[in-house]
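Participant: Residue-level listing of the chains:
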Amino acid sequence: MTARVGIPCSLLYFLYYPTWKTFFKELGAEVIPSGDTTREILDLGVKEALADACVPIKLYFGHVQVLIGRVDYLFIPRVVCLNKETTYCPKFLGLPDMIRHTFRKIPPLIDVRMDVREGWNALAKAYEQAGLALGVPRGTIARAFRKAMAAERRFFSLLQDGWQPLEAMHILTAGTPPHKRKGRLVFAVLGYPYLIYDQYISVGVLARLKKMGVEVITVENLPLRALYRQSVHLDKRLFWTLGDLVMRAAHYLFRHRRIDGIIHLTAFGCGPDSLVSKFLEMTAHENQSVPFMSLSIDEHSGEAGIATRLEAFVDMVCRKKEVCL
Amino acid sequence: MPRITFPHVAESYRSFKMLMEDLGNEVILPPRPSKHTLDLGVRYAPEFACFPVKILLGTYLETCPKGVELIVTSGGVGPCRAGHYAQLHKKILHSLGYPVDIVVFEPPRLYPLDFLHNIQRLNPHRMSYRAIYECIRRAWRKLQALDNLEKLTHKVRPRETIRGATTRTYRRVLEWIDRAYTLAEIEEAERSALEELRKVPQDPARDVLKVGIVGEVYVLLEPASNLEIEETLGNLGVEVERSLFLTGWTRDNTWAETTEGLTVKEAALPYLPELLGGHGRDSIGNTVLYAKRGFDGVIQLAPFTCIPEIVARTILPRVSEEHNIPVLTFFLDEQTGKAGMTTRLEAFVDLMRRKKAIRRPA
Numbered sequence: 161m162t163a164r165v166g167i168p169c170s171l172l173y174f175l176y177y178p179t180w181k182t183f184f185k186e187l188g189a190e191v192i193p194s195g196d197t198t199r200e201i202l203d204l205g206v207k208e209a210l211a212d213a214c215v216p217i218k219l220y221f222g223h224v225q226v227l228i229g230r231v232d233y234l235f236i237p238r239v240v241c242l243n244k245e246t247t248y249c250p251k252f253l254g255l256p257d258m259i260r261h262t263f264r265k266i267p268p269l270i271d272v273r274m275d276v277r278e279g280w281n282a283l284a285k286a287y288e289q290a291g292l293a294l295g296v297p298r299g300t301i302a303r304a305f306r307k308a309m310a311a312e313r314r315f316f317s318l319l320q321d322g323w324q325p326l327e328a329m330h331i332l333t334a335g336t337p338p339h340k341r342k343g344r345l346v347f348a349v350l351g352y353p354y355l356i357y358d359q360y361i362s363v364g365v366l367a368r369l370k371k372m373g374v375e376v377i378t379v380e381n382l383p384l385r386a387l388y389r390q391s392v393h394l395d396k397r398l399f400w401t402l403g404d405l406v407m408r409a410a411h412y413l414f415r416h417r418r419i420d421g422i423i424h425l426t427a428f429g430c431g432p433d434s435l436v437s438k439f440l441e442m443t444a445h446e447n448q449s450v451p452f453m454s455l456s457i458d459e460h461s462g463e464a465g466i467a468t469r470l471e472a473f474v475d476m477v478c479r480k481k482e483v484c485l
Numbered sequence: 068m069p070r071i072t073f074p075h076v077a078e079s080y081r082s083f084k085m086l087m088e089d090l091g092n093e094v095i096l097p098p099r100p101s102k103h104t105l106d107l108g109v110r111y112a113p114e115f116a117c118f119p120v121k122i123l124l125g126t127y128l129e130t131c132p133k134g135v136e137l138i139v140t141s142g143g144v145g146p147c148r149a150g151h152y153a154q155l156h157k158k159i160l161h162s163l164g165y166p167v168d169i170v171v172f173e174p175p176r177l178y179p180l181d182f183l184h185n186i187q188r189l190n191p192h193r194m195s196y197r198a199i200y201e202c203i204r205r206a207w208r209k210l211q212a213l214d215n216l217e218k219l220t221h222k223v224r225p226r227e228t229i230r231g232a233t234t235r236t237y238r239r240v241l242e243w244i245d246r247a248y249t250l251a252e253i254e255e256a257e258r259s260a261l262e263e264l265r266k267v268p269q270d271p272a273r274d275v276l277k278v279g280i281v282g283e284v285y286v287l288l289e290p291a292s293n294l295e296i297e298e299t300l301g302n303l304g305v306e307v308e309r310s311l312f313l314t315g316w317t318r319d320n321t322w323a324e325t326t327e328g329l330t331v332k333e334a335a336l337p338y339l340p341e342l343l344g345g346h347g348r349d350s351i352g353n354t355v356l357y358a359k360r361g362f363d364g365v366i367q368l369a370p371f372t373c374i375p376e377i378v379a380r381t382i383l384p385r386v387s388e389e390h391n392i393p394v395l396t397f398f399l400d401e402q403t404g405k406a407g408m409t410t411r412l413e414a415f416v417d418l419m420r421r422k423k424a425i426r427r428p429a
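Note that the protein sequences, when read in sequence, are chains A and B. For the first sequence, this note's numbering begins at 161 and goes up steadily by one. For the second sequence, this note's numbering begins at 68 and goes up steadily by one.
Hints listed in this document are in silico derivations from the structure and should not be mistaken for laboratory results. Honestly, I wouldn't trust all of these hints.
[Stated by the list, open to error] With the Cβ distance kept under 10 Å, some of the chain A side facing chain B (calculated, not the full set):
{"id": "1", "residue": "210"}
{"id": "2", "residue": "217"}
{"id": "3", "residue": "240"}
{"id": "4", "residue": "258"}
{"id": "5", "residue": "360"}
{"id": "6", "residue": "364"}
{"id": "7", "residue": "399"}
{"id": "8", "residue": "430"}
{"id": "9", "residue": "432"}
{"id": "10", "residue": "435"}
{"id": "11", "residue": "437"}
{"id": "12", "residue": "439"}
{"id": "13", "residue": "459"}
{"id": "14", "residue": "460"}
[As the list claims (entries may be wrong)] Below, computed lysine to any residue pairings styled on SDA-like, alpha-carbon distance capped at 25 Å:
{"id": "15", "chain 1": "B", "residue 1": "158", "chain 2": "A", "residue 2": "416"}
{"id": "16", "chain 1": "A", "residue 1": "181", "chain 2": "A", "residue 2": "323"}
{"id": "17", "chain 1": "A", "residue 1": "438", "chain 2": "B", "residue 2": "167"}
[Claimed, not checked] Short, incomplete list of chain B residues facing chain A, as computed with Cβ under 7 Å:
{"id": "18", "residue": "116"}
{"id": "19", "residue": "146"}
{"id": "20", "residue": "148"}
{"id": "21", "residue": "154"}
{"id": "22", "residue": "339"}
{"id": "23", "residue": "341"}
{"id": "24", "residue": "343"}
{"id": "25", "residue": "374"}
{"id": "26", "residue": "375"}
{"id": "27", "residue": "377"}
{"id": "28", "residue": "378"}
{"id": "29", "residue": "381"}
{"id": "30", "residue": "382"}
None of these values were measured; they are calculated from a predicted model. All C-beta atoms in this analysis are idealised placements derived from N, C-alpha and C, irrespective of residue type, glycine included.
Kindly generate the complete structure, drawing on both the sequences and the hints.
Facilitator: Okay, structure coming up:
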């Protein structure tokens, strides 16, 4: 019988699912994702997770519960650092521990620690541990790791071509690109992948904008090298990879001014965002030529409220553009 | 003379004031955080920033109109948010029109040159490093004296026979320490202050519960931010032991990790093997240690939305269950009321008393 490995569809799922899926598939395991977020999943998470935790964490708890009982292993890596410079949010660092000590009956966790600062082959070692947990010989693991990395590269190059992660995943599996429509406006939606791309928790911000004829670019679509060269005018670099990228992307976009508006999407109770959104707000004040809006979402966000705000923002940008032309 | 200020952390300002004045700076003393401080902080700080940020910003906004030129504070190497607060404060203060600069002390173990550079910025008279060392030594001794005094109040208060006698004596003897200047004076002041505190009438036979307090450093250290939880507990007949004091924290972050620090790390290992920044892992490790030492309960204090403490809080129920020790958590923010906290504390103390009573006859 093949081992069933469950991957919760939240947090880093949106960036690394193709990698992880390829890796476990190559090992001969069956990969079971928890599926798209639904009201039930969110409710499950809200019930189990600490009330003071942020929405994405609650959501992750929900996704884990969907998988309990359906899988033999849960893949919840402790992702510490993947770029040698910045780490992820402390909640990511303690994620496997939080899950392990919250749920009683839980399949064994594959909680490998991924920290590339440990050495040049730290990532390969982490994946090797994950493979060994399934009892797979080392040779197979090495091959699977190479394939996984290849998949990761393909996935990220698709993102660089302007596709959103879910579209890119679709292209990887189906092979055909979905239909893309040219919009009348181009907006940047900045925020963390697990908020923006999650259709449910973001109250469909991306789809809504598309419907209104707005093309969307996100942090993942921007050239990473240029972002890392971008100065953010802070005395100290932000500690968190995702927050740091959002900051850099904002400064990059403000400087190049090739977009019609920036929307910052943030979750209620997000620790890093309490700083990032304040810094962004200050930057937006200094660069008034680009319209900026901050949207905060939580488990109670209503569709109507978000829709109204988005429509108002789009209208405002359109009017401004007409006046300027 | 540069006019400087620093965050208000319990009684430690007495020591910092002496140090900064010795180095030749003019000190503008931060007032004790009050309702007004909080109002100022809440108005200008980001909404979801944690509680210490709001208090500190409020404190700065109270002292900045008095002409502060330089703020001295500590940094951090993350990934806890506190490491960025100095930068955030600077930006906010600038945007409000105060041309202040901030000197941020990062752990000298990691940034030795930066540390020396910072010291030179606080040294307008170009004193020698030897002289500076002497100043720091005296300030350090004073800080230790202040911590020792506070530790003793935690022991005396639950046993006092006249309600409030300890606090009154403590307030009085603090001034003795405050006035002491040379090393010998500080030591003498400490000795007589400790003696004076021991003289507070006590009832040694009283059945006193022992509770450990863990959590985030600022809300642990600053009584104004935790609504004087130690005093409240002391009045309920509970002896508290706090996991963190300013001297211990400074030592862990400047020279080398102390053996205490390493023990805590080891104790937390089965539950949380990763350093999260802040004091998340310490909260867990200390809870385990308190349980092993036979304490009656543990109280965790954390600012609202504190990331490392949320992780710790998620794991603590399991620790509490496996080590059979009650744990109570307070997430503190500007909305926390003293009455609500006291009620919860009273209930918690009742629970611990009953638990202790059940255990004893068996």
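Participant: For each hint, tell me whether it holds in the structure or not.
Facilitator: Now for the hints, and whether the structure bears them out:
{"no.": "1", "hint": "210", "result": "holds (5 Å)"}
{"no.": "2", "hint": "217", "result": "holds (8 Å)"}
{"no.": "3", "hint": "240", "result": "holds (7 Å)"}
{"no.": "4", "hint": "258", "result": "holds (4 Å)"}
{"no.": "5", "hint": "360", "result": "violated (22 Å)"}
{"no.": "6", "hint": "364", "result": "violated (24 Å)"}
{"no.": "7", "hint": "399", "result": "holds (3 Å)"}
{"no.": "8", "hint": "430", "result": "holds (7 Å)"}
{"no.": "9", "hint": "432", "result": "holds (7 Å)"}
{"no.": "10", "hint": "435", "result": "holds (6 Å)"}
{"no.": "11", "hint": "437", "result": "holds (7 Å)"}
{"no.": "12", "hint": "439", "result": "holds (7 Å)"}
{"no.": "13", "hint": "459", "result": "violated (15 Å)"}
{"no.": "14", "hint": "460", "result": "violated (16 Å)"}
{"no.": "15", "hint": "158(B) x 416(A)", "result": "holds (23 Å)"}
{"no.": "16", "hint": "181(A) x 323(A)", "result": "holds (19 Å)"}
{"no.": "17", "hint": "438(A) x 167(B)", "result": "holds (19 Å)"}
{"no.": "18", "hint": "116", "result": "holds (5 Å)"}
{"no.": "19", "hint": "146", "result": "holds (4 Å)"}
{"no.": "20", "hint": "148", "result": "holds (6 Å)"}
{"no.": "21", "hint": "154", "result": "holds (5 Å)"}
{"no.": "22", "hint": "339", "result": "holds (5 Å)"}
{"no.": "23", "hint": "341", "result": "holds (5 Å)"}
{"no.": "24", "hint": "343", "result": "holds (4 Å)"}
{"no.": "25", "hint": "374", "result": "holds (4 Å)"}
{"no.": "26", "hint": "375", "result": "holds (5 Å)"}
{"no.": "27", "hint": "377", "result": "holds (5 Å)"}
{"no.": "28", "hint": "378", "result": "holds (4 Å)"}
{"no.": "29", "hint": "381", "result": "holds (4 Å)"}
{"no.": "30", "hint": "382", "result": "holds (4 Å)"}
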